[in-house]
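> What follows is the residue order along each chain.
2 protein chains.
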Amino acid sequence: MSQADIIYFDHAAATPVEERVLRAMQPYWGELFYNPSSPYSPALDVRRQYESAKDDIARLIGGRRDELVMTAGATESINLAFAGCNGHVVAPVTEHQAVLAAASRLDHTLVKVDRYGLVDPDDIKQAITPETELVSVALANNELGTIQPIAEIAAVIKAERQRRMDQGDARPIYLHSDASQGAGLIDIRVSRLGVDMLTLNAGKVYGPKQVGLLWVRAGVELRPVVLGGGQERGLRSGTENVAGAIGMAEALRLADKHRKSEAVRLEALRDKLQQRLVAEFDEAVVSGAPKKRLASHLHISFPGLDAERLIFRLEARGVLVATGSACAANKGTRSHVLTAIGLEPEVADGSLRISLGKLTDEQAIQRGGDILIEEITSEYERISR
Amino acid sequence: MSQADIIYFDHAAATPVEERVLRAMQPYWGELFYNPSSPYSPALDVRRQYESAKDDIARLIGGRRDELVMTAGATESINLAFAGCNGHVVAPVTEHQAVLAAASRLDHTLVKVDRYGLVDPDDIKQAITPETELVSVALANNELGTIQPIAEIAAVIKAERQRRMDQGDARPIYLHSDASQGAGLIDIRVSRLGVDMLTLNAGKVYGPKQVGLLWVRAGVELRPVVLGGGQERGLRSGTENVAGAIGMAEALRLADKHRKSEAVRLEALRDKLQQRLVAEFDEAVVSGAPKKRLASHLHISFPGLDAERLIFRLEARGVLVATGSACAANKGTRSHVLTAIGLEPEVADGSLRISLGKLTDEQAIQRGGDILIEEITSEYERISR
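Respectively, the protein sequence lines represent chains U and G. In this note's numbering, each residue carries its 1-based index in the first sequence increased by 192. In this note's numbering, each residue carries its 1-based index in the second sequence increased by 192.
In isolation and in its complexed conformation, chain U is listed as follows (with noise of 0.2 Å):
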């Protein structure tokens, strides 16, 4: 099957590299290779470069320079926005692996969601206890696509700490955000936001992979988690990735330039493709926040089918989809995520993700819709003979 063919539902997974992306990246391969903590001047043009990116990936977010860290990526963010936590955590149940192994390695509570995956603010508040350090709740989940209350949790921090303030205790309390998913699509600046921390990803933003940051903000304290020579001010050694830092910060300035067009435009595509499914089968379900969630995202589920069974099928046809998240699907145990929302095993089980994006234009709705709506079909003529 040919490029041109492949009708791709799944960009909640990756996304391809913007042409401009790769433009702007590179002449740092190139003739602009040097390491911007070398002393003589070109290296310094490459170091001002950086920093310059960076400036531009602040501004973006509401945030200042000095406060970004470059990482490798959401993943290694989020284990740093942990690492200086000595004390409880709280996150909802439904949070990204990363956020579920880095509060596994501290005193912690997850929150419960309802079943369209929303946190209630007051659990959070409940959970807090004298000894929690950090709340973390992304943004937006990866498989639902339901955006999470984040201004009305950052009120619950903020209201938290501003009792122990009034107590006269020291012990700080912070809220992380996760915004891979949602950056592009939402408002995700900080001041918005009302985070201390925020999780980005450059490679679900048309950027290259494996780049990411954590911004931090301005007194909040952190341990690094990789030591050395002090990059990042002193949080995140190692040799910076300029051309990364580049490319993800021509990335988030296309993804927010096209931010409100491109949510306008996937939102329709998506609740055609959505309306389509749910009037040809009166068993789908559809999972997700009907008001709070990301344009690019449709939750859907088959009851009785076996979802692995028809992403095969799909695929086969052209049509990239996944069945949860990219790294739950690869370990073929059920999503945490429908699990906490409630999901009965045999809805969870016939559940498929599809995340649109760039390379999803109405024909890929429409082809898409029509070949979905064939397998699907066909697999429960097949389930009922």
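Treat the hints as calculated values from the structure; they're not laboratory data. It cannot be assumed that every hint is accurate.
[To be verified] Short, incomplete list of chain U residues facing chain G, as computed with Cβ under 10 Å:
#, residue
1, I198
2, W221
3, Y226
4, A294
5, Q402
6, E432
7, Q466
8, L469
Glycine residues also receive a C-beta, built at the ideal position from the N, C-alpha and C atoms.
Given the structure of chain U, go ahead and fit chain G onto it with the hints provided.
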């Protein structure tokens, strides 16, 4: 000054990405952008190509694919090598900042070196205690180019391991070596070196920056530094850097292919430059082990001169050269390596690290030598006035 006029004498700090390496990486930013953990066959193809790149790398160092952990560079690899360790560690005092920083978190002994920067395997032996779990020695020092007797040190570790086995002591002891500075010039096959863990850095061998690996001999127990989706056998989570691994494999393949001829070529060029400078300046002090030195490295001191000033003048004439390592140079502190080999401050402060590589040809050596002699002469005249 145009790129063509630059004489780059700092290959130990950074290398440009080879054209062939870039070409090999290109498809993975575009049409082969899939997440290797996704379940459909185009993604499985990408996974196979990722694993095949790891196979290629493993073959070049004489290891197995499942013994490789891909990382974001040597600094992370070193941190990972140390992460499994609770006991005592031993390292030469001349190690890279990443080793010194990782060691500083643990009970540790730093072993002295001789005036050439060589560590004596007997000193390693003396430093080992019953609690020692890790010995970490760089294959070649990044400032001096001095090549350490890794195989002899490996024999010391092996004897200690045998001793513990005989006594029924289950505490492990491992040898780790950072071979970032040796790859492409000397034999880095793990069986020849006798190491249990090996760090490599693509950015030093004309591959992409922020790509590295830790080879971990089967049976060595490590603890992950970065937790999450469980990639790299759980030792290093995060979506795989497919383009990076493909690029590193190609870079190491080229490095291996041209290793012997390049070592001969660079040694002749280096020796020519060294002889000229030593003949011209009686006071010049060449450091590093005369017969155990990377062919690329010339560490030379001009007592009484201010190397930072000299570098500035050389740069104005297009000659790019370092004082000590790029990391240390950036902080304006005196190199701990030069202190360790006993250089007097007035000698150390007049030190240049000249490191040759693919961008170095006869003409660069001739013209670079002319400029070096003119500028050093001029600086000596200035201070003698």
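> All hints are to be evaluated individually against the structure, with a verdict given for each.
Quick rundown of the hints versus the structure:
1. I198: Holds, because the Cβ-Cβ distance from U:I198 to chain G comes to roughly 7 Å (cut-off 10 Å).
2. W221: Status holds, d = 4 Å.
3. Y226: With Cβ-Cβ at 6 Å, under 10 Å, it holds.
4. A294: 6 Å, holds
5. Q402: Holds. Min distance 4 Å.
6. E432: This interface hint holds because 8 Å falls under the 10 Å limit.
7. Q466: This interface hint is violated because 21 Å lies over the 10 Å limit.
8. L469: Violated - the Cβ of U:L469 stays beyond 10 Å from chain G, reaching only about 19 Å at its closest.
This entry does not satisfy hints 7, 8, going by the numbered hints stated previously.
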